[in-house]
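Given next are the chains, with one letter for each unit.
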Amino acid sequence: MSIAGNKLNSVSHEELWQRYCGFLDLTVDEFVQIQKDLLMDQIRDVAQSKLGSLILGNPPPGSVEEFRRTVPLTTYQDYEPYLSQKREDVLAEKPLLWCHSAGRSGVFKWFPYTAELVNKGIDRMLSGIFIASAKEKGRTSIGPGFRFLSILPPAPYMSGSVFQYFQKRFPFRPIPPLEASENMEFQERIEKGFQIALKDGVDVIGAIASVLVKMGESMSGESRKTKLSKSMLHPKVMYRLGRAFLRAKMKKRGILPKDIWPTKAIMAGGMDTVIYRKEIARYWGSEPYQFYGFTESYLLAVQSWKSHGLVFFPDIAFLEFIPYDDLLKHKDDKAYRPSTVLMNELEAGKSYELVISNYHRMPLCRYRVRDILKVISLGNKENGVNLPHFEFVRRADDVIPLGGLAWLDEGSIWQAIANTGLKYTDWSACKEYDQSKAYLRLYIELKDTREPAEIERMVDEQLKIVDLDYRDLDFYLKFQPVRVTILTPGTYSRYIDEKRKEGADLAHLKPPHINPPEAAIRHLLELSQVGK
Amino acid sequence: MAGSLLNSAYLLPPIAAGIVAFGLFVLVWRWGGKHPSTQIFYLLILSVAIWSLLIFGMRASPDVERALLWDRMAVIPGFAVFVLFYHLTVAYTERRHQTKLVTAGYAILFVLTVLSPTRLVLEGMRVESYGYAPVLGPVAYLLGLIGIVLLAIGISNLLRRYRVSRSYDERNRLLYFLGAGAFPIIGAFVDGFTNLPPVAIWANLALILVCATGIVRHQLLDVRVVIRKGLVYLTVSLVIALPYAGVVYYVQYVLQSRTTPLWLHAFVILLFAFLLRPLYGWAQESVDRLFYRGRYDHLKELQRFIQETQSIVEPVRLGERLVKLVSDALKASSACLLLPSKDLLELEIVACTGQGESLPNRTLRSDSRLVKWLEGRRLVSREELSLVPELQSLPKADQDLLDGVSAELIVPIRSTPERLSGVIILGRKLSDADYSDEERVLLSTLASQMVVNLENVHLYEQAKMAAQALFDSEKKYRELVERLRDVIYVLDENGTVTYVSPSVEGFLGYEASEIIGHQFKEFFEAEEVPWTVESFQSNPSGVPQAGEYRIRTKSGQLRWFYASGQRIMEGSRVTGVQGILSDITERKQAEEREKVLKQELDKTSRLASIGQLAAGVAHEINNPLTGILGFSQRLLRKCTDEGIVRDLNRIHGEAVRAARVVENLLTFARRKGPKKDYVQVNEVIEKALDLRMYELKTSSIQVTTELAPNLPPIMADFQQLQQVLLNIIVNAEQAMTEASGGGALRIRSSQEDDRVVVAFTDSGPGIPEENLQRLFEPFFSTKTGRGGTGLGLSVCHGIISEHNGKIYAESVEGEGATFIVELPIVAP
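Chains A and B are the protein sequences, given in the same order. Mapping of the first sequence onto our numbering: residues 1 to 532, in sequence order. Mapping of the second sequence onto our numbering: residues 1 to 828, in sequence order.
Because the hints were derived from the structure by calculation, they are not lab data. Hints are supplied without guarantee of correctness; some may be wrong.
Said to hold, decoys possible - The calculated lysine-lysine pairs, modelled on DSBU-like cross-linking and capped at a C-alpha distance of 30 Å, are:
(1) K381/A x K342/B
(2) K137/A x K100/B
(3) K100/B x K264/A
(4) K168/A x K429/B
(5) K100/B x K251/A
(6) K214/A x K464/A
(7) K137/A x K342/B
(8) K249/A x K100/B
(9) K86/A x K396/B
(10) K100/B x K36/A
(11) K251/A x K236/A
(12) K168/A x K676/B
(13) K306/A x K100/B
(14) K100/B x K252/A
(15) K199/A x K100/B
(16) K135/A x K100/B
(17) K464/B x K36/A
(18) K396/B x K94/A
(19) K396/B x K36/A
(20) K168/A x K342/B
(21) K236/A x K100/B
Stated by the list, open to error - Sample of chain B residues lacking proximity to chain A, with all beta carbon distances greater than 10 Å (derived):
(22) V102
(23) E375
(24) R478
(25) E482
(26) E514
(27) Q578
Just so it is clear, CB atoms sit at the ideal spot from N, CA and C, and this is done for glycine as well.
Extracted from the complex, chain A is given alone in its bound form (with noise of 0.2 Å):
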């Protein structure tokens, strides 16, 4: 798929298109007959290796029927004596470098990346990044030496160990430059990031979506604030300001980094997106696009052009789904083994649990990513895409049961408190009996003075329009089962410093959103303490 950095000059936006987009052309039978093949070159290329004869058996399976038949269903645990410990002797091919997920229990996730994976996950970021930037179908209005601001996490997190090798794939101009920022921290790095951008300009904007909507916070309030800084004074930047002020005149309100960043592309990951949709739309003057992946396999999906949908790419890693009916059964009985359908299989508007094989001499096989993601179309009319749509739902095991009715992901509780309009630091929620009776427990610092009944209401009423399963449990039970603690302002950033003193990882610098563990509770209900 790439192209010579010689003919770069020489091609047409159509032919980026083509070459990078071209997958949304497919049908759904090409797509999998696709899947197929790479999953029968994949079988050859990991079976001789010692872990790819563990999983696959020997001899392997012959057929991608057989495969399905005979391989288990695997879990990291599986994986994990080898993985864990590195251990390079066990895969088909010596990796080009190794990853780490972020781990919800402070423990790593390690995962080996081939330069395979790598030049197609890169591929498949520009694939992305020219959907983005699309104004129609086939014209991208990105090309070779494009600006990207990247806030994402460094290496060696996914987004950050790939982002290393993009320069060598794509001609293209990261900001802030990849030897300058090499050793910065992950602040220190966006800060250089927007500061040369102010300069320079951006193109596209890769990012994580909340992080977004906090700069694009605190730039509008801060604009008025801002004091002229000797960096300022360069005629590039001042010519930035100054267009950007006169949009924001123009618009009557202050200025917002749409007025001084004009983006061609916001790439954005994690379920967040499409929570602050709207918001980072508002800020930065288009909605973001929407990556799927995580460690395990780097980007699989993107989100579809002119849609909100989710579209698959063919050729990262095999696709099975998990129908939801099989995963409660499967829940009920550990005996169970839950059947899985391929992409040409599944039915609009169910939900499933992904089940992903590597391509690319990877090693993970029929792996359970625990993620749940609804299909919401088989295709979509308007952007001529005839592959199944998807939206995530949320992880497999981050849900809260509520009542026996309701399972609150983190997803509907974000939203929920989202659509409240409250101005909040941070939040974690987990469940609590009282007296034989489960509550969901909030765990929210806000950035003005409310009371905890009124934010009990405000979020119970948001939760009834997220998920109509809760508001079955008004309905049924007459019951209102949320339960608010505020904490103190700074309460997180005393968390967030404390954690960092003790030198933890940016992925373990917050606890999680959903059923933090309970020493990360009462450490955030001392540190609140401390604030008043």
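Fit chain B to the known structure of chain A by using the hints.
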């Protein structure tokens, strides 16, 4: 003035340019495609058209004021031509970073639109010898300069692209733009900076004409071809014109005249047409070779390929020839030909040059996405292939094959729109350039030719396979037929043998060739041919016919055959018969033997039963008979009454007769076992004859003997054997005497295998058929009322059977009878 201005040379060019430009606009809009650069080109042509018409308005104006008004309007589309040409080059070469300059160009155009009514652009209008000429304002010079700079940058863009482009066709297209770009520069320079008559009209018209050709027909018209073709015809014309002029000059010289009569020209033209035709052909070929070496070579190679491969019927050789041709002609780093495998599951490389020779993977699966996709396509480049979504992630095996040969071009060979007969894969060119359209055409032509050749090969292979299958089948059946014990035959509609299997020789002694061509019936005894074609004609059901027949062998023997026949049909007509002859002689003989044996057994069994009965009866009768004989004799001695004596004599006589019968019965019933010893049969015959010689002589019976000398002795009871022979002689004697009062009796003895045979042939009346089988039954006699007891021959049968021999009679009524006695030879 006005009159002079209205001269057509001054007015026509702008109106003509306007009409042509509008026409081009329509053409390009209709066929120019959707590329952004083409859309900009619409505007460019439109600008030229509007500008031309405004210039026409200016030139046709009756006074200077109106001319100035028209010209001030005309500067806007005039400058737009520069901006649009520049924009066109930016869009075509995709030099995105120059978009700001494009924007600036349009901004200047906007400024010019605003300023055009003022004196800053055009101060006024003056009248020159050729017509109106504008007096340029200060901004006009700046605009002219900007326009030329934009054109220069545009040309620089094109040149830069020209340098980096590896595509022959794109470079060719760029030449159009570069050529076209030069015209407005010249026009602008001449009109802006000199006092020469205006040429911008012509320059802009040339610009759009060349660009239009480049955009609309760049696939069809090759600018280099235009130049070269012109040179070809110029050269060829010179080759012919020079001698022509020489001849004309010479004729004029001879005639001492400056004028040449028309007939002479006509004559010379005809003469040259006749004489110089070969020269023309040679010149054409030489020039072609000189100027179009590549194309010329391609055509020659193609011709040679077609000629050479016409007779090639092996796919591998054909493939080798093809890939060599392609590699050589197109200077490709590698070339491979893939053809379907025998099981059609794969396309496999049958011939390869360059890197492809050492490929680990040499096949593409027929059901792979790549092959399926190629089934409906024509020639595609690897680059184009990589843009096809469903082929962007090919399986490694396919990818490896394409990478292994550095595939650059993939040419499906399709016999029908949907059927893939093979694939040609070409590697990069050795020069690293792209394949030109011309080379692609050659490849497509080769692929089409290959389809024909492959179809021929396919047909040949099929015919070969069919012939082989036929040969194998024929061989199998021939061997089967030849190994058969039976004889297969085929007759034509006349009943003539057209085929007979070689096994016939073993049965009939004839070679097959001696039978073929003869009538089938000739070989059957008494021509008892089982069936004819006619018999099948009249047998609509066509049920096979069969039967047992005798056929005479070459040596004259008759052999039994089971013959079956089945009709051969052609439509509804019976055209022959085919069938099988199975030799059943042995079976027949066995059946015959069995029949005889059965008869003998029946007879023996019957005789045995009779013998047992007779023995029982004789035993029971003997006692009372002894009493009758004894008492009758006693009474005869005592009785004196003559009447009683006569009666007693009768009783006694009958009792004696009865006693003799009983004795014979007992003899027949073998109550008395033979006393065997070595006996010479001839001696027994002679002894028996001696005993009856007197009677025979007196009965006028001529006796001849043919006794074989040196007969081996047999084990027999002399007396009993003599009794048998005597019985036969007596019977013959009586038969001949009764029938004719005499006759001839011939007695022969001989050795046949392990038997001694004695035959008595008389010239008597013979024995009726119905009596032959019953001769040896007890009490069967033809001498009823003449004193025969009917026990003689049955006694003979009993005796001979006791000697493990056979006695039987052969006779044709009226022709005498022969009694044969066969006795086994027992080695001493």
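The hints, checked one at a time:
1. K381/A x K342/B: violated (45 Å)
2. K137/A x K100/B: With Cα atoms ~24 Å apart, K137/A and K100/B stay inside 30 Å; holds.
3. K100/B x K264/A: holds (17 Å)
4. K168/A x K429/B: holds (27 Å)
5. K100/B x K251/A: Given that 30 Å is the threshold and the Cα spacing comes to 26 Å, the pair holds.
6. K214/A x K464/A: holds (27 Å)
7. K137/A x K342/B: Answer violated: K137/A to K342/B is near 45 Å, above 30 Å.
8. K249/A x K100/B: holds (25 Å)
9. K86/A x K396/B: Roughly 27 Å separates the two Cα atoms, so the pair holds.
10. K100/B x K36/A: violated (47 Å)
11. K251/A x K236/A: At roughly 23 Å apart (the allowed maximum being 30 Å), K236/A and K251/A satisfy the hint.
12. K168/A x K676/B: violated (126 Å)
13. K306/A x K100/B: Given pair K306/A, K100/B holds - Cα atoms ~28 Å apart, limit 30 Å.
14. K100/B x K252/A: holds (29 Å)
15. K199/A x K100/B: holds (18 Å)
16. K135/A x K100/B: holds (20 Å)
17. K464/B x K36/A: violated (40 Å)
18. K396/B x K94/A: Holds - the C-alpha atoms of K94/A and K396/B are around 19 Å apart, at most 30 Å.
19. K396/B x K36/A: holds (12 Å)
20. K168/A x K342/B: Violated, because 45 Å separates the two Cα atoms, which is more than 30 Å.
21. K236/A x K100/B: With Cα atoms ~16 Å apart, K236/A and K100/B stay inside 30 Å; holds.
22. V102: Holds, because the least Cβ-Cβ distance between V102/B and chain A comes to about 15 Å, which exceeds 10 Å.
23. E375: Since the minimum Cβ distance to chain A is about 15 Å, E375/B lies beyond 10 Å and the statement holds.
24. R478: holds (46 Å)
25. E482: holds (49 Å)
26. E514: holds (66 Å)
27. Q578: holds (53 Å)
In this structure, the earlier hints numbered 1, 7, 10, 12, 17 and 20 are contradicted, and the remaining ones agree with it.
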